[in-house]
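S.K.: One-letter residues, chain by chain:
Protein chains: 2
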Amino acid sequence: MIMTAEFPDDARVTLAHGAGGRQTAALIARVFARHFQNPDFTADDAAILPVGNFATGRTAFTTDGFIVSPWQFPGGNIGKLSICGTVNDLACMGAVPRYLSCAFQIEEGFPLRDLDAIAAAMAETAKAAGVRIVAGDTKVAGRGQVDGVFITTTGLGELLPDAEPSGSRAEAGDAIIVTGDVGRHGAAILVARRDFAIDAAITSDCAPLAATVRALFAAVPDKSAIHTIRDATRGGVGTVLHEIAAESHVGIELDAPAIPVAPEVRGVCGLLGLEPLYLACEGRLVLFAPQAIAPKLVETLRALPDSRQAAIIGHVTPDFSGRVVLRTEIGTKTLLPEPSGELLPRIC
Amino acid sequence: MIMTAEFPDDARVTLAHGAGGRQTAALIARVFARHFQNPDFTADDAAILPVGNFATGRTAFTTDGFIVSPWQFPGGNIGKLSICGTVNDLACMGAVPRYLSCAFQIEEGFPLRDLDAIAAAMAETAKAAGVRIVAGDTKVAGRGQVDGVFITTTGLGELLPDAEPSGSRAEAGDAIIVTGDVGRHGAAILVARRDFAIDAAITSDCAPLAATVRALFAAVPDKSAIHTIRDATRGGVGTVLHEIAAESHVGIELDAPAIPVAPEVRGVCGLLGLEPLYLACEGRLVLFAPQAIAPKLVETLRALPDSRQAAIIGHVTPDFSGRVVLRTEIGTKTLLPEPSGELLPRIC
Numbered sequence: 001m002i003m004t005a006e007f008p009d010d011a012r013v014t015l016a017h018g019a020g021g022r023q024t025a026a027l028i029a030r031v032f033a034r035h036f037q038n039p040d041f042t043a044d045d046a047a048i049l050p051v052g053n054f055a056t057g058r059t060a061f062t063t064d065g066f067i068v069s070p071w072q073f074p075g076g077n078i079g080k081l082s083i084c085g086t087v088n089d090l091a092c093m094g095a096v097p098r099y100l101s102c103a104f105q106i107e108e109g110f111p112l113r114d115l116d117a118i119a120a121a122m123a124e125t126a127k128a129a130g131v132r133i134v135a136g137d138t139k140v141a142g143r144g145q146v147d148g149v150f151i152t153t154t155g156l157g158e159l160l161p162d163a164e165p166s167g168s169r170a171e172a173g174d175a176i177i178v179t180g181d182v183g184r185h186g187a188a189i190l191v192a193r194r195d196f197a198i199d200a201a202i203t204s205d206c207a208p209l210a211a212t213v214r215a216l217f218a219a220v221p222d223k224s225a226i227h228t229i230r231d232a233t234r235g236g237v238g239t240v241l242h243e244i245a246a247e248s249h250v251g252i253e254l255d256a257p258a259i260p261v262a263p264e265v266r267g268v269c270g271l272l273g274l275e276p277l278y279l280a281c282e283g284r285l286v287l288f289a290p291q292a293i294a295p296k297l298v299e300t301l302r303a304l305p306d307s308r309q310a311a312i313i314g315h316v317t318p319d320f321s322g323r324v325v326l327r328t329e330i331g332t333k334t335l336l337p338e339p340s341g342e343l344l345p346r347i348c
Numbered sequence: 001m002i003m004t005a006e007f008p009d010d011a012r013v014t015l016a017h018g019a020g021g022r023q024t025a026a027l028i029a030r031v032f033a034r035h036f037q038n039p040d041f042t043a044d045d046a047a048i049l050p051v052g053n054f055a056t057g058r059t060a061f062t063t064d065g066f067i068v069s070p071w072q073f074p075g076g077n078i079g080k081l082s083i084c085g086t087v088n089d090l091a092c093m094g095a096v097p098r099y100l101s102c103a104f105q106i107e108e109g110f111p112l113r114d115l116d117a118i119a120a121a122m123a124e125t126a127k128a129a130g131v132r133i134v135a136g137d138t139k140v141a142g143r144g145q146v147d148g149v150f151i152t153t154t155g156l157g158e159l160l161p162d163a164e165p166s167g168s169r170a171e172a173g174d175a176i177i178v179t180g181d182v183g184r185h186g187a188a189i190l191v192a193r194r195d196f197a198i199d200a201a202i203t204s205d206c207a208p209l210a211a212t213v214r215a216l217f218a219a220v221p222d223k224s225a226i227h228t229i230r231d232a233t234r235g236g237v238g239t240v241l242h243e244i245a246a247e248s249h250v251g252i253e254l255d256a257p258a259i260p261v262a263p264e265v266r267g268v269c270g271l272l273g274l275e276p277l278y279l280a281c282e283g284r285l286v287l288f289a290p291q292a293i294a295p296k297l298v299e300t301l302r303a304l305p306d307s308r309q310a311a312i313i314g315h316v317t318p319d320f321s322g323r324v325v326l327r328t329e330i331g332t333k334t335l336l337p338e339p340s341g342e343l344l345p346r347i348c
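Chains U and G, in that order, are what the protein sequence lines are. Going by UniProt numbering, the residue at position 67 of the first sequence is 67; the numbering climbs one at a time, nothing skipped. Going by UniProt numbering, the residue at position 202 of the second sequence is 202; the numbering climbs one at a time, nothing skipped.
Honestly, the hints are just simulated from the structure, not real lab data. Every residue gets a Cβ at the ideal spot worked out from N, C-alpha and C, and that includes glycine. There is no bait here: all hints are sound.
Covered stretches of chain G, as calculated for chain U (at least 3 residues, CB under 8 Å): (1) 38-51; (2) 57-64; (3) 95-102; (4) 150-161.
Could you build all of it, start to finish, from the sequences and the hints given here?
M.R.: Encoded structure:
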């Protein structure tokens, strides 16, 4: 449950909140420290972490900046998103997310109640992902210098022994699995933005997937058999597949009818002429693993709350290296065009 | 020497550069990977670091967001600043900075040549500080959604054995040392902004101080004798002193004539009615250590390039706990007012 604070409607972030003096300390105490409290949290310049205790001694380190307009959308807000994005990046490296830092850049005049809701969502999502927010920074920018609030999160994760998923390890014969229906986050943001006067009830898939990845590795005797894990965020599943095809020097053949797409997402894409494969997800993974273990992985995924619609959507072939081919419902094959900025709707 | 790239005048950052597709990869390769190259640098989702090898097994973790307008100023630019800020935060914890991540939020239309100059300054400063930039993220915001470029850096540092500087360890009898003249960065930004039509040649003190801190710890047989180190950034030396007085439950007495202030900084402060103690520094430390070792620390500092004007500026007293008193040139004592947002000129 998200805690709600007692900020009046008209309480706003001021430049003084970002000046490093008394008001900054009060903002940190009243909003961030209250929500993020844990034994490693610091209001000091840096947190001191027992990272040397990590079993493998190897640490994954990743950073991600979040800009999203509107700051809240069906299924989440920028706070939840900023935790999911970094947690999922760590998980995709085969790491257990342990610690996060977060840096806020807030526009003068941003409602304190909204900032509080963002911090509450961050705390709730971090708890669900088993990660601690330990350090942070708050800057306030003048009106018009930043649009609402930007958040940058940076994560430290403990690498699972023997796990070594990588975008360059996809192999001919691998099955390609997606953990749920695609394009949900991008479609939810497009609709929430109301640029297109489309009324559709689309909920973002935004979710932390650390537990999902741990369950996958626990399900296979040989952890190195999970060749590749990627979260399909910016640019969607299509962009991720192109990246993996290029990095692994393999071809990818997708079975179009097998790709799960929610009817409401398909509807919005049809209206706007968009390909769901290029819409961002924020709670979907793309996995590459040998076909022999793929059914076991799908079974594991379908038993978990955020991946009930997991499906095998294609396979890796030694042919047409670096390319992604879509086999359509009527059996014809078409090349999935390589993503370029112009093709992608801007959602962040 | 900063490398200059061959970007034409009119080459600009576009939304496509931030969409996660081919243009994003090109921007990373052409600007960031080129400048930041080192064995641990990743263009992947996360860097894998041998943090478990740190001698003490304890790691310092800190994050800081940088917004500065204008993005370049005499003595540096936002890129240099973003490295110095995080490196210095780590150094102040008694840690040797090892790894940095950086996240960019760039306004559509920002000149590529300027972005390149920022990345070059980051690479040069990181090299000078002995730290590796290993992971990053690039987002592009629409015109007007962000003012120029924001950078968030996050750092990992290896704690020096036995070093335990802290804002709560200042003790009655400690000498207070500042490593150079105060208020330079804040004054440089105020002048560079041209809001006040003041023409003064003021160079920011922006500098990485990791080597300075290492030299200080090497100069004393008992590292724990250095009680407190803080970099006097946002809010300046005055804010830092108030924080330490409060955290350590002690009083601070400053010797006003001993505080080094450059004549040009004093001039600008006089014109604008500002107190140099409340202007930001970006290359100055405030140290607390017993008076017996203070001369040795000052001698060590004066032999180093970024702290030639180091000076003892006051001492800690058991009286007036939590307060900062200024002893003036004519021997009278005045209370240095507690910083509050309204008093501080906004420089970020």
